[in-house]
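As given, the protein sequences belong to chains A and B, one line each in that order. So for the first sequence, the working numbering puts the first residue at 1; every next one is plus one. So for the second sequence, the working numbering puts the first residue at 1001; every next one is plus one.
A few of these clues could be false.
Claimed, not checked - Some but not every residue of chain B turned toward chain A, in silico, with C-beta under 10 Å:
#, residue
1, Val-1015
2, Asn-1057
3, Cys-1091
What the hints assert, rightly or not - Some chain B residues flagged as far from chain A (calculated, every beta-carbon gap over 10 Å):
#, residue
4, Leu-1017
5, Leu-1065
6, Gly-1156
Derived from the structure by calculation, the hints contain no laboratory data. Predicted model, so just to flag it, every value in this text is computed and none were measured. A virtual CB, placed ideally from N, CA and C, is assigned to each residue, including glycine.
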Amino acid sequence: MVDDALVKKLERITLQLRYDVVQMIGVGKAGHLGGSSSLAELMAVLYFYVMKIDSSNPTAAWRDYLLLSKGHAALIQYAALCELGFFPRSELHRVKSLEGLLQGHPDLSIPGIEAVTGSLGQGLSISLGIALACRLDQKKNHIYVVMGDGEQSEGQLWEAAMAASNFKVDNLTAFLDWNKVQATGATKDIFSVPDLGRKWASFGWEVFESPGHDIRSIIETIEKAKAVKGKPSIVILDTVKGKGFSFAEHNAAFHNGIMDQATYEQALKELDQKKRELNA
Amino acid sequence: MKKESLRKAYGQALVELGASNPDIVALEADLGKSTMSYLFKQAYPERFFEMGIAEQNMTSTAAGLALAGKIPFVSTFAVFASGRAYDQIRCSIAIAKANVKICGSSCGLSDFGDGKTHQSVEDANIIRSIPNMTVLNPVDAVETKQMVEAMVRYKGPVYIRINRNELPVITPEDQKFQIGKMYSVHDGKDAVIFATGAMVHNSISAAQELMQEGISVEVINVSTLKPLSKEELMRFARDKQAIVTAEEANRIGGMGDTIASLLFNDIRVPMEHVAIDDQFGTSAYTYEDLLTCYKLTKEDIAKAVKTALKHA
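Using the sequences plus the hints, can you model the full thing?
Shown next, in the form of structure tokens:
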């Protein structure tokens, strides 16, 4: 049973991550709001509850790994790592700047980042390599990787899917951020990859599904996925692109959109409203 | 002169090093009998990963293994290693400085029968242009073994080109191979040939024939294609009247281009490049037929030396 206090705590963290993302993007600059906010709940659950990590020792031998194969959602990962103390808050305010630590896509120079991702389709393969290395060393680390639904059209992902099941890797849990919108429109219109659950199952994976913004459900599903032995598991998260922001939800324009002053203020207002609801 | 297989030397070196270093692992894409990584599979099956005919996944998986502390050797044909998995080398490995060793086997025209699709005229050129990559091109089986040892010692991504055919052994067993160092393999004072891979052998033959005509040519084995250091080049080019480069690769973006640009400001002597003239390969009955067809023989090199010296 997942207790209510834990859910409440993770909901507050989720809210804070969304605040961080909005502030990182700011006014007049492009930023991946849509695909970052669809992952806010998952990041809160993984980083603040499920994963074994230590911000004072980012490369601890016993740590769990989290890779964003959909590297363009880096902002939500940076927000989580910052809240955990992997780097100072000042870095969030100069993300993507020449002077800053935080690159436009995940980079190994950043504490807590485990791989270079951003060229889509590669993260699952890298995760598989880490999983195989940990298994060879008989280590207990668990590897988590997050893919996008637009990314499902990358052929390399399916090579990796076959390889992971061939090697019966069970220290790897993949997530599919099924937010149904990609850079230039709805995935069903741009390049439809239907029956994702059946596809992954036929590639030898144990497939789970969960609402992607329901913290209790995400936790319970991860527990089930991690209990699978002898094969890799995937959790398909039914999410909303741009979740939490009325102007960005389901809207491809905010895949990597620019907020003007009014939109920025509206984003903060909607988060403030959510905060009042959580405190009520 | 005794000829030996570089591929076999590669596979055997992996097996030898794997005995004392449990972090060494190997990945294959169903060409292990050609690349000779199957020797590693026989010795350490638990550390060998058959990735199927899926080079992109293989390459990124190797990055993951390296990021978790292993020393992965990825083996496949040079054309697939560098071309099919280019972006995986670039993003998963090179940007990350992941400690992955990539073996581009059957490089250049050396897979003579299989033709254009399997011969790589551009693999080294491509990989050299990727920041953080080191590129090696051994001259024989002995140097191959020394290089594999150096690759394990060096922390960072390395690409090694391996010729499919047996080549004469010229490297002394006790040579202390260092990445970035060039080796003089034939003495001479009039001109210098900077050659790499199989072309070193043809260059030595050319130098021997030129000696009969009273032309004295030094031959340098440029077995590290990247980093190519100006200081190393200057050591051998400084007192020569002419320079020739010889490589089994496309001249565009090749070793010759780079040597010319490195020396241009300091040494203004005539220079000739022996290389593949911006063409793909083709099928042939023998490797020698192809080297003749693409003007990479000792005669072509000797001619280049004479042309350069004529303008000196």
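Here is what the structure says about each hint:
1. Val-1015: 18 Å, violated
2. Asn-1057: 4 Å, holds
3. Cys-1091: Constraint on Cys-1091(B) satisfied, holds at 4 Å.
4. Leu-1017: 17 Å, holds
5. Leu-1065: 4 Å, violated
6. Gly-1156: With a cut-off of 10 Å, Gly-1156(B) remains clear of chain A, as the shortest Cβ separation is near 13 Å.
In this structure, the earlier hints numbered 1, 5 are contradicted, and the remaining ones agree with it.
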